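Enquirer: Chains as they are written, first to last, in our numbering: chain A, 1 to 68; chain B, 1 to 454.
It should be emphasised that the hints constitute simulated quantities derived from the structure, not laboratory data.
One or more hints might be untrue.
Unchecked claim - Each pair of labels, with its calculated beta carbon distance range:
{"id": "1", "chain 1": "A", "residue 1": "53", "chain 2": "B", "residue 2": "225", "range": "39 to 47 Å"}
{"id": "2", "chain 1": "A", "residue 1": "44", "chain 2": "B", "residue 2": "211", "range": "24 to 32 Å"}
{"id": "3", "chain 1": "A", "residue 1": "49", "chain 2": "B", "residue 2": "225", "range": "17 to 25 Å"}
{"id": "4", "chain 1": "B", "residue 1": "110", "chain 2": "A", "residue 2": "44", "range": "24 to 32 Å"}
{"id": "5", "chain 1": "B", "residue 1": "76", "chain 2": "A", "residue 2": "61", "range": "44 to 52 Å"}
Just so it is clear, the structure is predicted and the values come from calculations on it, not from any experiment.
Yeah, the Cβ is synthetic: ideal placement off N, Cα and C, and Gly gets one too.
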Amino acid sequence: MIILLLFLVILFFPKNAYAYLDPGTGSYIFQFVIAIILGLIFSLKLFWKKIVRTFLRLLKGKQRADEK
Amino acid sequence: MKNNFASGSFRDPAGFIFFSKGIAYRQVNNSYKEDWDLFIKSGLYKDLIKNRLIIKHKELKLKTKDPLCYKILQPDQIPFVSYPYEWSFSQIKDAALTTLEILKMALLHGMVLKDASAYNIQFIGGKLILIDTLSFTKYIEGEPWIAYRQFCQHFLAPLALISFKDYRLNLLTKSYIDGIPLDLVSSLLPMNSRFNFSLFTHIFMHAKSQKLFAKRAVLRRKVSRFGIESIISSLESLVRNLKWENEISEWGDYYSQTNYSQHSFNNKKEIVSRMLAKTKQNIIWDIGANTGVFSEIASQNAKQVISFDNDPATIEKNYLRVKRKEFKNILPLVIDLTSPSPSLGWQNEERMSLLERGPADIALALALIHHLAISNNLPFRKIASFFAKISNNLIIEFVPKSDSQAQRLLATREDIFNQYDEENFEKSFLEFFTILERHPIKSSKRVIYKMAKN
C-alpha cells in the first residue's frame, strides 16, 4: 500500500519548486493524494447505498403489490 | 475600558479575547472583516446557534481605540474551562465528531474551519460547543482542508492511542500543545492498528508523507470539494468506529465494594443532600467523584458541578451516564489530585492550572481522605491547606483507620500513620476552616463534616 501511494505521489507530483515550505506542507500535499483514493471509496459507498435503497424500495413496492 | 488580554489568545491575527471587570470579550480585527461578514451573512452563525454548536455572542456597539478593531463581541461566559488531557475517551470522541459536524455545516455555507484545535471545544450546558467564533474562513474551490493536520494530531492521535494501546498515552497532549506528533503516534501504535485502512491512511501514511515532503518542493494540485467531503467522511467513520474497551477499573465498582450497607449509604446521601440543600451554589467540585452518584445530588443545588476522578474508566462511565441521563450541569473530568493539571504553553500562560480555575463555592471530598493521607503520605495539614486553596466551603468525609477501605490501603504497607485519627484531622482542618456541622453516618464509623473557610 505504501508503495502504491508513494508511486501515486511521484506520478502526480513532479519535482517543481513551490514557494516556502512550512512544517504542515506534508499534511497539505498529502490531501491531494488521499482525496483521490478516499474519493473513489466514498463514491463506491454512495453508489452502494443507492443500490441498497433502490432494492429496498423495489422490495417494499413488491410487498405492497402482494398485499393488495 | 481597562483590558486584560487573555494569555492563551494570541495565535490568530483575526482577533483575540480580553477581559474587562471579569467579563470576557472578543475583538474581531479588520483583517478578518471579509470572513466575519460572510460568517454572519451566509447564515452559518445562525445555523450553528440553532444546532447549539457554537458559543452565542452579542455584538457590542462600543469600539476600542485600537485601529485594528472591526467589532467587539461579548460571548456567553464559560462556567468552567476544561482541557483535552482531562477528558475521557468518549469526551474526546464527541469533541472530534462535533468538530467534523461544524466543518460540514461550514462547507454548506461556503466556508471551512481553519482551526481544528481540541481546545476550541468546551462542554457547556451538557453540549459540546465551539468557543472560537473566528475559526472560519471562506472556502476556496480546489484548496485542501487547512486544519487536517491539526485534526489528526488533536483528535485522531489520542483516540487511536487510547483505543489501541492505553488511556495514559492521552497525557502526551499535556506535553504537545498542538497535538501529538504523528510520527510519534505511528511508533507507539501496535502492528494490528495498521490493518485499519483509515487509520493507516490518516496516521501512518500521513506521518510518512510529512517526512517525505518536509524537504521537497512540489507542484500544488487541486483537491475537489468532493475530495474534501470524502476525507471528512473517512475521518468521521474512523472516529465513530474507534472504541475503548477498558477493563473494570480499580475503583470502578467501588460502590458495590464498600463496607457500607445500603442503609448507611442512603444515610450518607441524605446527610450530603441536607448539607447542600441550604443554598444554591454557582460551582461545586466533587473531588474523587467516582461514577458520579454524589455529583448528581450536588447538581440539584448548583449551576455547575465538576466531577473529578483520577481513574479514566470511572470518568468514562460517569460521562456516558451524564450524557444518557441528559444532566446539563455535570462535567466529569480525569484529574489526578496528587498532581493536578499545571499551567502550560507560552510563558506557562496558555492553559490554566486546576487551581487557577478555582476556587469552587463548595468542594465535596467524600471517601477521599484515606487515599490522600495513607496512599500518598500526605499529612492532614497539607490536605487542609490544599482544600482551603480550591474551595470556600467543604463537605468532607472522615474515614477512620479501622474502616475496611482504609485497612485495604494499609494491607501491603507498614502503618506509619500514628497521627491518622479524628482528633488530629479536626485539629488540622480547624487551622483553615470552621466546622459548621458534624454528622456520623449511621451503621458506620465514618463521619461527614461541613466546614467554611476562615
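Enquirer: Next, verify each hint and record whether it holds.
Expert: Hint-by-hint comparison with the structure:
1. Separation of residue 53 of chain A from residue 225 of chain B is about 23 Å and departs from the stated range, judged on CB atoms against 39 to 47 Å.
2. Here the CB-CB span from residue 44 of chain A to residue 211 of chain B is close to 30 Å, well matched to the stated 24 to 32 Å.
3. The given range of 17 to 25 Å is respected by residue 49 of chain A and residue 225 of chain B, whose C-beta atoms sit roughly 19 Å from each other.
4. At about 27 Å, the beta-carbon gap between residue 110 of chain B and residue 44 of chain A stays in the expected band of 24 to 32 Å.
5. The hint said 44 to 52 Å for the Cβ distance between residue 76 of chain B and residue 61 of chain A, and at roughly 50 Å that hint holds.
Violated hint for the displayed structure: number 1, the only one.
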